[in-house]
Amino acid sequence: MILTLLFALDCLVSLAQAAVGPAAILNVANQVIAPDGFQRSAALVNGVYPSPLIIGNKGDTFNLNVVNSLTDATMLRSTSIHWHGILQHGSSWADGPVGVNQCPISPDHSFLYTFSVPDQAGTFWYHSHFGTQYCDGLRGPLVVYDPNDPYKHLYDVDDESTVITLGEWYHTPAPSAVGVPSADSTLINGKGRSVGGPLVDLEVLRVEHGKNYRFRLVSLSCDPNYIFSIDGHQLTVIEVDGVNTLPYTVDQIQIFTGQRYSFILNATQPVDNYWVRALPNNGLNGLARGFTNGINSAILRYAGATEADPTTSQQTDPTLLDESQLVPLEDPAAPGPPTLGEADVSINLALSFNRTNARFSINGASFEPPSIPILLQLLSGARNAQDILPAGSIYTLPPNKVIEVSIPAGVVGGPHPFHLHGHPFSVVRSAGADASYNYVNPVRRDVVSLGAAGSNVTIRFTTNNAGPWIMHCHIEWHLELGLAVVFAEDTPIAGAQNTPDSWKELCPIYKALPATATSVTIVPTVP
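For what it's worth, this note's numbering labels the leading residue of the sequence shown as 1, then goes sequentially.
Check the hints yourself; a few may be wrong.
Pairwise CB distance ranges, derived in the manner of DEER restraints [what the hints assert, rightly or not]:
| # | residue 1 | residue 2 | range |
| --- | --- | --- | --- |
| 1 | A433 | L329 | 24 to 34 Å |
| 2 | V271 | A358 | 44 to 54 Å |
| 3 | V440 | A512 | 26 to 36 Å |
| 4 | D322 | S346 | 23 to 33 Å |
| 5 | Q325 | S502 | 25 to 35 Å |
| 6 | N285 | V520 | 41 to 51 Å |
| 7 | Q31 | V520 | 14 to 24 Å |
| 8 | T292 | R383 | 56 to 66 Å |
| 9 | T516 | N293 | 22 to 32 Å |
| 10 | P338 | T292 | 26 to 36 Å |
| 11 | T311 | P247 | 26 to 36 Å |
| 12 | P338 | N282 | 50 to 60 Å |
| 13 | A385 | S436 | 30 to 40 Å |
| 14 | G364 | P398 | 41 to 51 Å |
Since the hints were derived computationally from the structure, they do not count as laboratory data.
These figures come from a predicted structure and were not determined experimentally.
From the three backbone atoms N, C-alpha and C, an ideal C-beta is built for every residue, glycine too.
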């Protein structure tokens, strides 16, 4: 069976980075790559970085067979994949987080993820949800197209050439990183340069004068947020995290880990080359200070322009996207009464950091994925928070209720981007000490930045999706240090859902692995 899958995989690899889906084989294997000119082994899907674009249409069923061929002992060799932003109604077993929704996929085994998107369209992504594995390369975009897109009249081109991924790159394997590491380079569509490193080729986005493009901007980051812009061009945002929004034109977008934006770019400037910029908020050797020698950069090239680096400059007084100005196109009101504290259930999540053990906590509990996945605990009869492990990190939620969650900012390591699985949510209060509450037409998304100290980001959602759903900081190093909780929603129904036999086999197979297959070899940190 594996040989048959790998034969089919060879055909996929021959297409390089061609899009796949909604049915596909995703072979996860180690391979040496040098996206910024520095060679290192990575964890890749079908031999490419970023992982291949997965595509489908609204209403499709995805059948994605993950084959684990990992062998490099300096990185995790088991795996799982989370389909970020996909709601998984009735299929929480396919959500991906190890310890919450499944056990890992062991080496030399495969697992078929099957899920449908009856009511979803937009820009999503996928990544490993096992330890910090996706920082070693297992991350890529996923797009669900809507044949009846209400904004189709605004653009001429929307295909794999208009997907833009942002992510940082590390020269040291994630398990060997010390604390919260800083990135060596910024990669745009898998290409970039490190400070003082070789002048490798940059990504080129190609446009034709007079055409309008729908670009889909995806943050695959493990840590940094980015200020994204394209010299000489405005960006008209029409989608946020899989939710259509009223058009909003800006010059720059600050995009946090896990977030996505679709924007319209009108290619009406003189035929030339223009810098595409993605400035991170942190990095090694002054990475976050600018764009010298093409760091943090790509190129927008008009057809007919010379094959040369741009000479363009940034706008001097740019308009930066303000999250509170984003308005959903449909059903803009937040659920529940338009008053603070009037939700059916109100939860405050107080974040803290213990410098003694170097771990984060939420309401006094530091999250550690249990060896028995939370979904399996529910299937085994657990119903109440006190009966579900890990203790202190589980919040049981009743069905069909409005939930309001407030998360005051200020803990070390911010701004923290928080992601909720299983639900988009209305951000009734965005980051900012002077931010006001908006229940009439707040932005709806699945990752929100908590902002700086003094902010009190508040979200609302309705419990209409039974299952255990993790809510966590999407700075991957912070999640590894415990910055997460799990909402066990509608536990009687969640505990009665059907799971495939292959899902039930994951835990015993993983538990039977020898220690040599689950241990990691630490390598010296690259200076």
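Hints and how they fare:
no., hint, in the structure
1, A433 with L329: 24 to 34 Å, "holds, 29 Å"
2, V271 with A358: 44 to 54 Å, "holds, 53 Å"
3, V440 with A512: 26 to 36 Å, "violated, 55 Å"
4, D322 with S346: 23 to 33 Å, "holds, 26 Å"
5, Q325 with S502: 25 to 35 Å, "violated, 45 Å"
6, N285 with V520: 41 to 51 Å, "violated, 27 Å"
7, Q31 with V520: 14 to 24 Å, "holds, 18 Å"
8, T292 with R383: 56 to 66 Å, "holds, 58 Å"
9, T516 with N293: 22 to 32 Å, "violated, 43 Å"
10, P338 with T292: 26 to 36 Å, "violated, 49 Å"
11, T311 with P247: 26 to 36 Å, "holds, 31 Å"
12, P338 with N282: 50 to 60 Å, "violated, 38 Å"
13, A385 with S436: 30 to 40 Å, "holds, 33 Å"
14, G364 with P398: 41 to 51 Å, "violated, 23 Å"
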